[in-house]
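S.K.: Please model the complete structure; the sequences and the hints are all you need to start from.
FYI, the numbering for the sequence shown is 1 to 252, going by our numbering.
To be clear, the hints were calculated from the coordinates, so they are not data collected in a lab. Note that beta-carbon positions come from the ideal geometry of N, C-alpha and C, so glycine has one too. Warning: the hint list may mix true and false statements.
[To be verified] Label pairs and their calculated CB-CB ranges:
1) GLU52 to GLY76: 32 to 38 Å
2) PRO144 to ILE232: 32 to 38 Å
3) GLY158 to THR81: 25 to 31 Å
4) SER46 to ALA146: 34 to 40 Å
[Said to hold, decoys possible] Derived EDC-like pairs (lysine to aspartate or glutamate); straight-line CA-CA distance at most 20 Å:
5) LYS225 to ASP49
6) LYS225 to ASP60
7) LYS225 to ASP75
8) LYS228 to GLU87
9) LYS228 to ASP75
10) LYS228 to GLU52
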Amino acid sequence: MTLMKILNSNLPFYALLAGVFSFSAVPVIANDEADLYGDDIAAGISVDDPLEAINRVTFDLNDFVYLNLFEPVADGYAAITPDPVEEGASNFFNNLKYPVRLAGNLLQGRFDGAWVETGRFAINTTVGIVGIFTPADSVEGFEPIASEDVGQALGAWGVSEGPYLVLPLLGPSNLRDLLGFVGDRAVNPLKEPFAANESWNWEWKLALAGSEIIANSPSMIERYKQLKGNSIDPYGAMKNGYTQYRKSAIAE
1 MTLMKILNSN LPFYALLAGV FSFSAVPVIA NDEADLYGDD IAAGISVDDP
51 LEAINRVTFD LNDFVYLNLF EPVADGYAAI TPDPVEEGAS NFFNNLKYPV
101 RLAGNLLQGR FDGAWVETGR FAINTTVGIV GIFTPADSVE GFEPIASEDV
151 GQALGAWGVS EGPYLVLPLL GPSNLRDLLG FVGDRAVNPL KEPFAANESW
201 NWEWKLALAG SEIIANSPSM IERYKQLKGN SIDPYGAMKN GYTQYRKSAI
251 AE
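M.R.: Rendered as structure tokens:
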């Protein structure tokens, strides 16, 4: 198989990298929830972690990659990019994930949420110039709402979270959210099956995946470091914090 065919198949490696900094997939740190990820968070939470030994090794490997590969990229991007441009890039990729949020709402029967997400997408895509700006934030009835995904829908249906997992590069998850991640990719226009179209050559796929990583990396690395700096046991804090966050998101 030629290099072109390998890159043009699914770009699994670059898709994984993009997933690290993609909140709609398996979030490393929730938007403004990093302060919740302390050692004493959710003292009463019980997390099924039969693979802890393997998970801890994966966590350490991820930590090395985050701080030695992604942090320099994030720092360089933040240093040379004006704040408005940085915000616009993040808005652009967030806008493209509208189908994921729409599916999450519809699968839970949250039709009001689906309507708001659709309205926001329409306004931000047109008036906001393909989502670079977010004028919908100021439109009554279309203010930002909590993000939904397929994993949350599975939880709302009563599907057990299953064992806790730490995925290579992607970070914290569980069996239910891993299945949800597959569902999210199925409706994400940046992922399969849309990106499998032959008209999307490997250069475009690589450019989009790389741009998404870079656009989201500064905020995600900052939150990740905040967690590590405040915790005696970062692995335990991440596990408990992730589980608590997902439980809260499903219950909303």
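S.K.: Hint by hint, note whether the structure agrees.
M.R.: A quick look at each hint next to the structure:
{"no.": "1", "hint": "GLU52 to GLY76: 32 to 38 Å", "result": "holds (35 Å)"}
{"no.": "2", "hint": "PRO144 to ILE232: 32 to 38 Å", "result": "holds (34 Å)"}
{"no.": "3", "hint": "GLY158 to THR81: 25 to 31 Å", "result": "violated (44 Å)"}
{"no.": "4", "hint": "SER46 to ALA146: 34 to 40 Å", "result": "violated (25 Å)"}
{"no.": "5", "hint": "LYS225 to ASP49", "result": "violated (23 Å)"}
{"no.": "6", "hint": "LYS225 to ASP60", "result": "holds (14 Å)"}
{"no.": "7", "hint": "LYS225 to ASP75", "result": "holds (13 Å)"}
{"no.": "8", "hint": "LYS228 to GLU87", "result": "violated (25 Å)"}
{"no.": "9", "hint": "LYS228 to ASP75", "result": "holds (18 Å)"}
{"no.": "10", "hint": "LYS228 to GLU52", "result": "holds (18 Å)"}
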